[in-house]
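Protein chains: 2
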Amino acid sequence: MKTYGVILAGGGGTRFWPLSRKELPKQLLNLTGKDLMVNETIDRLAGNVAKEDILVVTNCTQTELMLEATAGRVSPDHVLSEPAARNTAACIGYAAMEILRKYGDGVMCVLPSDHYIKKTDVYKKVVADAIRTAEETDALVTLGIQPTYPSTGYGYICHEEEKAAGGFWAVRSFVEKPNLEKAKEYILSGEYLWNSGMFFWKASVIMRYFEELLPEVYACLQKIGGAMGTEEEAKVIQEVYPQIPKISIDYGIMERAGKVLVLEGDFGWSDVGSWDALEALYEKDEYGNITYGEQVHIDTHDCIIYAKNKLVTTIGLDNVIVVETEDAVLVCDKNRAQEVKKIVEALQDCNKPQYL
Amino acid sequence: MKTYGVILAGGGGTRFWPLSRKELPKQLLNLTGKDLMVNETIDRLAGNVAKEDILVVTNCTQTELMLEATAGRVSPDHVLSEPAARNTAACIGYAAMEILRKYGDGVMCVLPSDHYIKKTDVYKKVVADAIRTAEETDALVTLGIQPTYPSTGYGYICHEEEKAAGGFWAVRSFVEKPNLEKAKEYILSGEYLWNSGMFFWKASVIMRYFEELLPEVYACLQKIGGAMGTEEEAKVIQEVYPQIPKISIDYGIMERAGKVLVLEGDFGWSDVGSWDALEALYEKDEYGNITYGEQVHIDTHDCIIYAKNKLVTTIGLDNVIVVETEDAVLVCDKNRAQEVKKIVEALQDCNKPQYL
Chain A
1 MKTYGVILAG GGGTRFWPLS RKELPKQLLN LTGKDLMVNE TIDRLAGNVA KEDILVVTNC
61 TQTELMLEAT AGRVSPDHVL SEPAARNTAA CIGYAAMEIL RKYGDGVMCV LPSDHYIKKT
121 DVYKKVVADA IRTAEETDAL VTLGIQPTYP STGYGYICHE EEKAAGGFWA VRSFVEKPNL
181 EKAKEYILSG EYLWNSGMFF WKASVIMRYF EELLPEVYAC LQKIGGAMGT EEEAKVIQEV
241 YPQIPKISID YGIMERAGKV LVLEGDFGWS DVGSWDALEA LYEKDEYGNI TYGEQVHIDT
301 HDCIIYAKNK LVTTIGLDNV IVVETEDAVL VCDKNRAQEV KKIVEALQDC NKPQYL
Chain B
1 MKTYGVILAG GGGTRFWPLS RKELPKQLLN LTGKDLMVNE TIDRLAGNVA KEDILVVTNC
61 TQTELMLEAT AGRVSPDHVL SEPAARNTAA CIGYAAMEIL RKYGDGVMCV LPSDHYIKKT
121 DVYKKVVADA IRTAEETDAL VTLGIQPTYP STGYGYICHE EEKAAGGFWA VRSFVEKPNL
181 EKAKEYILSG EYLWNSGMFF WKASVIMRYF EELLPEVYAC LQKIGGAMGT EEEAKVIQEV
241 YPQIPKISID YGIMERAGKV LVLEGDFGWS DVGSWDALEA LYEKDEYGNI TYGEQVHIDT
301 HDCIIYAKNK LVTTIGLDNV IVVETEDAVL VCDKNRAQEV KKIVEALQDC NKPQYL
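Protein sequence lines correspond, in order, to chains A and B.
Just so it is clear: in the first sequence, position 259 is 259 by my numbering, and no numbers are missing.
Just so it is clear: in the second sequence, position 168 is 168 by my numbering, and no numbers are missing.
Take the hints with a grain of salt, since some may be wrong.
[To be verified] Computed, partial: chain A to chain B, Cβ under 7 Å:
| # | residue |
| --- | --- |
| 1 | Val-175 |
| 2 | Ile-298 |
| 3 | His-301 |
| 4 | Lys-310 |
| 5 | Glu-324 |
| 6 | Ala-328 |
| 7 | Cys-332 |
| 8 | Asp-333 |
| 9 | Arg-336 |
Hints were generated in silico from the structure; no laboratory data involved.
The structure displayed is predicted, hence computed values, not measured ones.
We put the CB at the ideal spot given by N, CA and C, even for glycine.
The shape of chain A in the complex, shown without the other chains (with noise of 0.2 Å):
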C-alpha cells in the first residue's frame, strides 16, 4: 500500500514571538539554522515516503508563503489551503478524503510541521515500523516518545505493561498535560510516553472513525469529498470548511477509538514550544549561552540570544534570552519563556496589530 505524508502546518505560532508571526508561524521559521521547520519536516521523510506522495496542509493566510517556502520539495497541488483554521480534526480529515478520493487509499504520516528531531536515523527506523504497523493491523498508530525529565509542558499516553510481539503497546488512554508531581509518578510507572501528535493509518481506517465517533465532521468531510475533482471543489471547500466542529483529533478520536497502538520513539524530539527549547538544539558556547547572529558579550552566562538584523550586545546577564528582529525585540526571563504569548495577548490588548 502507498504511503503519504501529511505535514500540518496550518498552525500560527505566538510563542517564538517576536520571529514568529500570525503570518510567519514556527513552521516557516529557521530555527535550527539549518533550513525552515517544515521543510527539515519533509526532508526528514525521505525513505520513508517518497517526494510526490508528501501533502502539506496549511491555513489560507500562509498558502503562498508555504507554497513559496516548499517550491522543489511539495508539488503546489499537494498544498492544501484551509479557508479557517477548524482545529487538527478537520485538517487530518480533509487530507484523508483528498487521498481517498484522488489517489485511493494508503498510509497516512500525519506530521507537525514544527518539530525537532535529533537523531533522523533512529527516527526513520521508528517511522518505517510505525507505517508497517498501521498497514498490518488497521489500528491508529502513534509515536510516544521517552521521557526524559517529568515535563509538565507535554500530554501523556498511558501504555498496557506488556508490549506485544510487534513493538508496539496497546494504548489504555491519553492524559492532558500533568502538574510536576504527577509526571514525576508518570515516569516511575514507566508506562507513559510523551505525546509526539505523529500519527499513522490508513485513509481509509481514520474515515471510518470520522464517520463513526465525529459525524458532523464527517457529514461536511463527504460533502467536501463529493465535490473534490469537480468544478465546485473550491466553492465547496470554501463553504462547507468553515462550518466543520473544531475539535482535535486527539479529543475527537484518539481518546475514543477502539484500536489505538503506541510505538516508542526516543530520537532526541522536542516540540520547540518557546525560545528555552533552542537550547535542545544548539551546542551552547564555553558560557552556556545559545547565540544566533551579530554579537558582543562581558560576563554573560547561560543565555539565549538571538539577532537578526542588529548587533546585540550584553553585560553581566544571567539566564536571559534576548530576542531582536526587524521591528521588535525581546527581553525575558528564560525561566519565564512561556510567557511570551502573554506579550502577544497584551499587543492585541492595547491594539497594535502590526506586531501580531
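With chain A held as given, fit chain B onto it using these hints.
Relative to chain A, chain B alone:
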C-alpha cells in the same frame, strides 16, 4: 565687565553607547526628552550670559553637527572647532585667547556641555554669584556640588573650614575619585564637595596662569592668538593646535594655582556619566522603571528601557538596562552600566568601526 559662556562640547562619548557614537557624543543627544544636552546647557545660561556672548568649543569631527544643533542659539563664528582633541587646558586656553583678542577681556563661565541640572533657578543664582566673585576677586572660581551620597565616580574639592563673607571657601586641594571608605570620610568631614568641572574666571587671569604654570601650552596659544583676525588664522590653528600638550585644566592649573575659590551648588546636578544616571533625570513609573519609546512589559521592575525605533518588550526583568538604536541593542545589568565602554573597546578590538 562682560561675561562670556564657554561651553566645552568636544568630548566623544562612549558611555552612552549604543546611543552615543564617535560623531554623536552625549552633548548632542536628547537624554532628557526635552532637548539636546548642549542646547539645555546654552539655554540654562539665560539671565547670566547674553545669547550672543556664548561660545561653544567642539571637535572638528563634530563641528558640522554642532552648527546644525545650535543654529539660532549660537552664532556660527562662536562655534570654535578644535583640529584635534588636546584635553581641557587646550580648549579653555583657545577660548580665552579668542575672547581676549576678539572681544577684549571678560569673565568666562566655563561649562561642560553634557551635564544635567534639575533646579535651574538655584543654578542661575549660584552662577551669578560665581561670576561676581570671579570679577571681584580675580580668583579662579569653581562650583562644588553638595554631595548627596559617597560617590566613587566623582572627583572632590577639599575646602577650608571657614566660609568667607562672599559665601565662598578657599580651596585646599582637588582630590581624585576616591574609594568608598575615603568617600565616606570626605562626606562626614563636611569639607568636601564634588568637582563639577564648572569654572569662572577672567580671560586675562586664566591666561596669566597659562603663562606661569603651563608655558608650553601658553606658547602655542600665543602663536594662535597672534594669527587671530588675520588671513593666517585657520592655517595656524590647524598647525599649532595639534601640538598643544595634552593636559586637563584640573591637573595643569586648578591644582596648582594660588587663588582658587569654591562656591557651593545644590541644584540637583548629575554629570550623566552612564545609562544608570538616567534615574536622576526621569520620573520612575509605579514599578520603578524608567522608559522611553514604545514598550510592553510583564513583571518588570527597576529597569531603564530606552527604545529608539523598535518595540521593546520584557518579561521578568529586574535592574536591567535595555537600549535599542538603529543598528544595535544593549542589555546590561544596571549595576554594571560603567562597563558599557568595555563593549566599545571590544568593538574596536574586533574591528567593527561601523558601530563606534
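**Asked** Hint numbers the structure violates, sorted upward?
**Response** 1, 3
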